[in-house]
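Colleague: Sequences and hints are given; from them, build the entire structure.
So the protein lines, in turn, are chains A and B. Numbering that gives the first Met the number 0 puts the first residue of the first sequence at 0, with every later residue one more than the last. Numbering that gives the first Met the number 0 puts the first residue of the second sequence at 0, with every later residue one more than the last.
No lab work stands behind these hints: they were computed from the structure. Just so it is clear, CB atoms sit at the ideal spot from N, CA and C, and this is done for glycine as well. Treat the hints with care, since some could be wrong.
Unchecked claim - FRET-style restraints, in silico, Cβ to Cβ:
(1) B:L201 to A:H158: 48 to 54 Å
(2) B:T25 to A:H158: 22 to 28 Å
(3) B:G227 to A:S150: 52 to 58 Å
(4) A:M131 to B:H291: 52 to 58 Å
(5) B:G227 to A:R141: 53 to 59 Å
Stated by the list, open to error - To be clear about the criterion: a stretch of chain A counts as covered by chain B if any three or more of its residues have a C-beta under 8 Å from a C-beta of chain B, and this derived list gives those stretches:
(6) 74 to 81
(7) 101 to 111
(8) 149 to 163
As the list claims (entries may be wrong) - Residues of chain B clear of chain A, computed beta-carbon distances all greater than 12 Å:
(9) I33
(10) T144
(11) S172
(12) N197
(13) L264
(14) H339
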Amino acid sequence: MIATDIPEYLRQDAEVAARFSRLKERTVALSVRNLTKHFETPKGTITALKDVSFDVHKREFMSVIGPSGCGKSTLVRILAGLETATEGELLVYDQPASGPGPDRGMVFQGYTLFPWLTVKQNVMFGPKVAGMPVIFAESEAREWIELVGLSKFENSYPHQLSGGMKQRVAIARALANQPRVLFMDEPFGALDAQTRANMQAYLLEIWKNVDITIVFITHDLDEAVFLSDRILVLDANPGRVNEIVEVAVPRPRTFTQVADPMFMATRKHIEHLIHPPGTPENENFPVLRMAVSDPDVL
Amino acid sequence: MSCPDFLKGWFVVRRELPGSRKALLTTLSFLMPIALWCIVSYVPFIWHPDIKLTLAANTERISGVFTAGNRLSRDYFPQYVEAVRLDNKETIAARAAGTATPGAKRANRLLLRQLAPVAIDNGWLPRGEEQNDALLYQLWGDLATGKKIALTPKLSADNLAIARENWAILSASSPVFESSKLPDQLLLKLIPQGIPSNPVYLPPPHEVIQAGWRDFQAPRVGENPTMGERYQHSIRIILFGFIWSCIVGVPLGILGGVYDFFSRLIGPFVDFFRYMPAPTFSTLLVAVLSAHDAPKVALVFLGTVFQMILIVSKTTRLLDPALLEAAQTLGAKPRQMITHVVLPGILPNLYNDLRILLGWAWTWLVIAELIGVKSGLTGFLDTQGTFRNFDRVFPVIILIGLTGFVTDQILAFFHGVFFPWAGTSGPVSRAISNVVAWPVRNLLQYTRRINAPSDLP
Numbered sequence: 000m001i002a003t004d005i006p007e008y009l010r011q012d013a014e015v016a017a018r019f020s021r022l023k024e025r026t027v028a029l030s031v032r033n034l035t036k037h038f039e040t041p042k043g044t045i046t047a048l049k050d051v052s053f054d055v056h057k058r059e060f061m062s063v064i065g066p067s068g069c070g071k072s073t074l075v076r077i078l079a080g081l082e083t084a085t086e087g088e089l090l091v092y093d094q095p096a097s098g099p100g101p102d103r104g105m106v107f108q109g110y111t112l113f114p115w116l117t118v119k120q121n122v123m124f125g126p127k128v129a130g131m132p133v134i135f136a137e138s139e140a141r142e143w144i145e146l147v148g149l150s151k152f153e154n155s156y157p158h159q160l161s162g163g164m165k166q167r168v169a170i171a172r173a174l175a176n177q178p179r180v181l182f183m184d185e186p187f188g189a190l191d192a193q194t195r196a197n198m199q200a201y202l203l204e205i206w207k208n209v210d211i212t213i214v215f216i217t218h219d220l221d222e223a224v225f226l227s228d229r230i231l232v233l234d235a236n237p238g239r240v241n242e243i244v245e246v247a248v249p250r251p252r253t254f255t256q257v258a259d260p261m262f263m264a265t266r267k268h269i270e271h272l273i274h275p276p277g278t279p280e281n282e283n284f285p286v287l288r289m290a291v292s293d294p295d296v297l
Numbered sequence: 000m001s002c003p004d005f006l007k008g009w010f011v012v013r014r015e016l017p018g019s020r021k022a023l024l025t026t027l028s029f030l031m032p033i034a035l036w037c038i039v040s041y042v043p044f045i046w047h048p049d050i051k052l053t054l055a056a057n058t059e060r061i062s063g064v065f066t067a068g069n070r071l072s073r074d075y076f077p078q079y080v081e082a083v084r085l086d087n088k089e090t091i092a093a094r095a096a097g098t099a100t101p102g103a104k105r106a107n108r109l110l111l112r113q114l115a116p117v118a119i120d121n122g123w124l125p126r127g128e129e130q131n132d133a134l135l136y137q138l139w140g141d142l143a144t145g146k147k148i149a150l151t152p153k154l155s156a157d158n159l160a161i162a163r164e165n166w167a168i169l170s171a172s173s174p175v176f177e178s179s180k181l182p183d184q185l186l187l188k189l190i191p192q193g194i195p196s197n198p199v200y201l202p203p204p205h206e207v208i209q210a211g212w213r214d215f216q217a218p219r220v221g222e223n224p225t226m227g228e229r230y231q232h233s234i235r236i237i238l239f240g241f242i243w244s245c246i247v248g249v250p251l252g253i254l255g256g257v258y259d260f261f262s263r264l265i266g267p268f269v270d271f272f273r274y275m276p277a278p279t280f281s282t283l284l285v286a287v288l289s290a291h292d293a294p295k296v297a298l299v300f301l302g303t304v305f306q307m308i309l310i311v312s313k314t315t316r317l318l319d320p321a322l323l324e325a326a327q328t329l330g331a332k333p334r335q336m337i338t339h340v341v342l343p344g345i346l347p348n349l350y351n352d353l354r355i356l357l358g359w360a361w362t363w364l365v366i367a368e369l370i371g372v373k374s375g376l377t378g379f380l381d382t383q384g385t386f387r388n389f390d391r392v393f394p395v396i397i398l399i400g401l402t403g404f405v406t407d408q409i410l411a412f413f414h415g416v417f418f419p420w421a422g423t424s425g426p427v428s429r430a431i432s433n434v435v436a437w438p439v440r441n442l443l444q445y446t447r448r449i450n451a452p453s454d455l456p
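Modeller: Written out as structure tokens, the structure reads:
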């Protein structure tokens, strides 16, 4: 039986444990304190987030995962400053942050590239509105475009690019602004499985080469485990921190690790957190009664 | 039974037809109405409820006075003909009795001119020479002796007989026209002739084309502007009205779309005002702005601007809010969000809106040109329409439609040239836009390079 072979998800080998202790000694890049968000609706107040607190260390890769409706998108929108929290505090390198700002970059699921700008101009947008002379912004943009491997397309318009390419431009655009923390709200959710896998590997590659702290929202368990140092698991109704799971899978990550016992243990644990076994959710489907006459079907 | 390939695939639910078929149908959509018009006009047994007179006669037996070119209903025409025949019978009877008719010389002189329309249509008499009695006199002779034969229109046998009878009397007193030598006894009237025709409001295509050709070639006469000048005048009214409307409407619309403040402040009143029809202000506008072009421009402006404010602010509001959020996370300030995101983002849709609103402005043209001093194409339309010269009205209506349509098509094409990133460009517009953009882009890069700080990384 495989089950007995899978080790407990908390068991970290020496190398991973050392890495985590080093990680925790780094400065805190993003600190979230008692974040609460209420929505006023005609039917009454809905609590989307309740007392969410966590720290993200410098150059850490943290994922946020949870069942649908747990408020993970609301959380990231508050962190990026696009919405205001009802209560609570947000610190970026110990500085309170309010409202959107260039210190916190964001990559959206819907690409949100400016369709009237070429790839290069899109990437130049942040530096330009910050007042950087065009000639500098341009050469900087070129470097970021090279980093995401789209040099050939720097003068193309977004509508000429594929979904994966668009998202690479969006990443380059966010990075060109040199944010201290990068939020990614289900960035690969709209991509097909093949492209998504490539983009995940690509993102890790970029993260390795760029000094950036990433908070990554996803609903895909494999994606979260594959990418992250730690995974913040949210409960739904109201959104609360259930557990912050340390992923004990060693780095550098490769796709072969998906079959690793460590990987599977972590994945299974999080799955149980999100869908506790025995919840009726899966048993609500009607029983199908079909008369199949072909004996070869089963 | 298999059907041939060209019949297959015309009707497929929600699928576009291939290019050649689209082109064919586009052509047909114009050809069909024209063909219908031709059929109704030229196939004699379809409709044709009237008789168009080619030869008219005056008679006191009926209340109306008709001249050649007038239309009578098919039912009434026989009565008219009968009335003229009765006149002739009376004349013959009077002749036999030897009763003198007072004023016969003068009546005969007018009677001789009865031939004028036939002479003009046959090309014997130039237009405008209808009172050239000497020539007409000679023509009576020519027709009577068979020297000339009328072909378009033909003279009926009755009328030829009448011509001969009249000429016998005329030639007896003088071989050439001399007003004093006109006979003292009444001549016979030619019997009215006509061809089946459609009502006056549906002239056949060739007449419309001829009338249009004549009108557009016509030189300036006194105060009356030529058609070209009228056309320019109309276009000027539209353009100025539209440009003023853009100057006011576009900024207000964008403000309303961006800031809820302006939307609440302007929106309700604009909504109310646009239900007051612009023409209701025409007299007021004339009183305020005097009678020339200003009130006309103002009417086009009033008719367009309120729609423009609403449509532009709607377009602005439709800009994907995620783009604004993205810009915010990239550090754009509120002012920069308008200049760097809202304006460029709405531009292609704004362009399309303005294109549609320009068409909207055209609909106000006719009313605008009627207020104060009538002017432009509408002045002509109004005058000719009153005289029921619909063959001269149609070319102008078609010209207005054609101008709007062609402008719209050209502007639609330029959408692809101006906004290559909107994905609507065809190969031609993309090529043009590249050709135009190339020097601009290079010039920009060059100026940046020479203006660049020396410590370039």
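Colleague: If you test the structure against every hint from before, which numbers come out violated?
Modeller: 14
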